[in-house]
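Q: Chain by chain, the residues:
Number of protein chains: 4
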Amino acid sequence: MQTAYAVLGGDRRQLRLAELLRQDGAQVYIDGFDSVAGLEQSSLEQAVTADVVILPLPVSMDGTTLYRPLSSSKLALEDLWPLLDSRRQLVCGGTIKKALRKQAEKAGVDLIDYFDREEVQVGNAVPTAEGAIQAAMEATERTIHGAKALVIGHGRIGRVLARDLAGLGALVTVSARRFSDLAWIDAEGCQALHTERLAGKLGEFDLIFNTAPARILGRALLEELKAGCVVIDLASEPGGVDFGVAEALEVRAIWARALPGKVAPLTAANVIRDAIYHIMEERG
Amino acid sequence: MQTAYAVLGGDRRQLRLAELLRQDGAQVYIDGFDSVAGLEQSSLEQAVTADVVILPLPVSMDGTTLYRPLSSSKLALEDLWPLLDSRRQLVCGGTIKKALRKQAEKAGVDLIDYFDREEVQVGNAVPTAEGAIQAAMEATERTIHGAKALVIGHGRIGRVLARDLAGLGALVTVSARRFSDLAWIDAEGCQALHTERLAGKLGEFDLIFNTAPARILGRALLEELKAGCVVIDLASEPGGVDFGVAEALEVRAIWARALPGKVAPLTAANVIRDAIYHIMEERG
Amino acid sequence: MQTAYAVLGGDRRQLRLAELLRQDGAQVYIDGFDSVAGLEQSSLEQAVTADVVILPLPVSMDGTTLYRPLSSSKLALEDLWPLLDSRRQLVCGGTIKKALRKQAEKAGVDLIDYFDREEVQVGNAVPTAEGAIQAAMEATERTIHGAKALVIGHGRIGRVLARDLAGLGALVTVSARRFSDLAWIDAEGCQALHTERLAGKLGEFDLIFNTAPARILGRALLEELKAGCVVIDLASEPGGVDFGVAEALEVRAIWARALPGKVAPLTAANVIRDAIYHIMEERG
Amino acid sequence: MQTAYAVLGGDRRQLRLAELLRQDGAQVYIDGFDSVAGLEQSSLEQAVTADVVILPLPVSMDGTTLYRPLSSSKLALEDLWPLLDSRRQLVCGGTIKKALRKQAEKAGVDLIDYFDREEVQVGNAVPTAEGAIQAAMEATERTIHGAKALVIGHGRIGRVLARDLAGLGALVTVSARRFSDLAWIDAEGCQALHTERLAGKLGEFDLIFNTAPARILGRALLEELKAGCVVIDLASEPGGVDFGVAEALEVRAIWARALPGKVAPLTAANVIRDAIYHIMEERG
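Chains E, R, B and U supply the protein sequences, listed in that same order.
The opening position of the first sequence corresponds to residue -9 in our numbering, with each subsequent residue numbered one higher.
The opening position of the second sequence corresponds to residue -9 in our numbering, with each subsequent residue numbered one higher.
The opening position of the third sequence corresponds to residue -9 in our numbering, with each subsequent residue numbered one higher.
The opening position of the fourth sequence corresponds to residue -9 in our numbering, with each subsequent residue numbered one higher.
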């Protein structure tokens, strides 16, 4: 039998997700997108009858209402939970914080996080890396081709980003701390550099991307940068760059965050759809 | 002895060119950039004493005055020629049309075209390809990675563009007409398609780049495109896409022209500098 | 109607060619492979009735008999021509020298060369490059990955070889003489070096491939090579390396010739088949 | 002060290792290579005074004598231990089994394994992948370029191998079981396939590489292979292919083992040297 899905709010990604599910032949109810012109929505009552209820990414910004940036009305979480039944439904959402999970559990709703999965993190590294490259293209007067580029950190994003930069013809150095990461960087065809040995070497780079979740680029390193060098910071709060110092030094530094949803909502929706399918497959 | 250069007008590329020549240790006079704040200029009288006089790209837009978009005053070509002496100076400029060349010759000035060289065409293919990718990134809701991309034409730009797209993880098909080009496309790791056999196959692509100097994408082919497909046209006048039909069909089509100067003036300046050095080397 | 082909002698490539034509659904007669066990052959009389007669590559080694290394008997060319009729048949062969062509013409046979086509040269560059890499792998104690490799010459083979070496993680320098080739080398992501400026720079390379048809690697350059450096020469007669000097200097130098037929006869056969189809298509 | 090393036996890799250490400016004693002509050796007594004693890879084949394939004499482990002192020396060796470690400990020698490190495993994946490609080149009549290749397993070797194959222009599918690996395979530009869903899909491949440590290719899957398909098995004992069945089916299957030492002893020595340096760095 055909599976029915409900997509309850969220940003453009969730709209694309609804479309992708429909393209796969599913019945999809949507609610919480009333600001989008020309879109037929279901009633919330009908939507909550679905087999799979998909809450947004993130589920909530304020902790009390559902994240519905494309709706003119608010929906309180405490009004939503009684409509759901996780015994007969799969109820899932993105980045579910502890308090939210507890709140839902109290109301008898078991929340599954589709964002907290390794394949989603990997899948999102691709649009994040491309978004970083787009930001670099827009910020520089030169091509990526031939640029000396440094990627700080060899996690998922660093790995994909280094590959993309090399694919465009940049000369790529990647910094990491573990010997095994340094061996991988070499195996992947890039120059390896220990993150603790960045000092004294930053002056040669045209482009620097930080992917490490640490304040690595402080005054001492920023002072090394050559004129025209652009820094793209992909770290989450509080960021890996001392932006105040960067401004004072007239270093062009860009804090690029939440890229998948911004630069490639369709790709981001694809990643979420796959994760939901995987959750369903694992539950049998 | 140190060579002296004069950079007489032009856009940002020529400013970057002046900087690059200075970085190489040369004496560089500039004139025709008075709209740029904080820039010290030479007098035209002093500038024309240089060993190498570099006219802009293009030398002239209107056929009578020098192309000086960053100047508040005009400089008539007929006032310029008497100041130059191609017996003791190398006088060069970009895209010199026949009439212009004749006009200069009459005034005793032998113009050398730095843009009409194969290595410049190749060198500019790199920023053109990156500019096309940047345009595609900005226009689509998806990543280049995983996109089915078609590049029409296997000239310099098509060749570099296909490489870059594949480097970012796109699945690349390139169309051409000659068997040898089709063999090259295969050798370069892309799918080859005969340009005369595009019909019936365009519906599968997410991204289409036209590099061929011909109106290839007319109504019949545009009607094949799937929803969300983005077309980037890199052809010069009159363009390779019927933009009127594209608009009527709600196909997103972008005519991206003169990309090197727009997206990567520094790289474009580098290409011009190298060409000038090559001209000097060839003249001995 | 089904096209009938005759494959008259040649090496393993031609056997593979016969198989490929059969896989495409054609009627294929073979003759001149009697040394290959378990292979059913046609009579020569039957074979020459075919629509397309495919002579070997090369057609003849000695100028008087057909090249049939897999046959125990000889077939004189002057006995072959009277059996053929180029008014109703396409008669083609590989590397047809002037004298041979004249001889055939006298006998009323118009020979078409399937090897003398640009797409065949490009197609063969792929197995040649892979054969060169295989030779380097076999001759060295190190990986291609991480090797500093020099490719002398940026023709078809140099271009494909540089791409393959970079694809395996080598650090690739390509030398050429023309500025446009140097620009292409840069656009293709390799280091460019002028062939006239090799002197003084050869000591850094682990692997050197010569693709230029000239005696470039004489004593002076060979003396620069570091211990363990391996030289693979892909030039045709008389070769690009002074092998006597190389031996005296204990430089490991390998003259790798006729690689497509040796390392990848199936791929080589594919290239010939495509060329024959192209010839047929062009003749309409 | 200069560090002194002793390289006590082993195969060609260890000889290359001694050379590399010398190139880095160290004092290096070697012992256990008396079968190699023209090589000056130290006395064992002198060698054991070194700061770092490097035992072979593996330390022992038989559990009682040191692995010295390039020596005409045997050295019993129980005679070696009393000569060493791990309080003042770093004593290291490759693949140290439990019993061996205990035996050494009893004699007061603390053995450090330089092979049991993540960066060594990664570093060896590079020559293993190249060795696998060399084996495939030698075994097939076609190029890697354009081949449909399947890599079973996305561990270190699978990952590097897929990259190399794609770098040569193969069309690469990689199979794995975890969703995160499947996401990585896609991010790395290859086609992902679930290892449990291989059945029914093997007939399309020209080349199959097994890197998974499991008997995956039994009769059912081997029967699917098309004529000419070559299988390269990189799994350790008992191997991933039923070689008896493969032979019966006339499938060309090659069990390629211990490739780094065979195809690239110099690269393998480099990896070991780096690991020893890392051990020294970690010990301070």
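Keep in mind that a hint or two might mislead.
Each pair may be met inside one copy or between any two copies, as identical chains are not told apart.
[Said to hold, decoys possible] Cross-link-like lysine-lysine pairs, in silico, DSS-like; alpha carbons within 27 Å at most: (1) LYS252 to LYS216; (2) LYS191 to LYS138; (3) LYS216 to LYS87; (4) LYS88 to LYS191; (5) LYS64 to LYS252; (6) LYS191 to LYS216; (7) LYS64 to LYS138.
Derived by calculation from the structure, the hints in this document are not laboratory data.
Q: Would you pick out the hints that fail for this structure and give their numbers low to high?
A: 3, 4, 7
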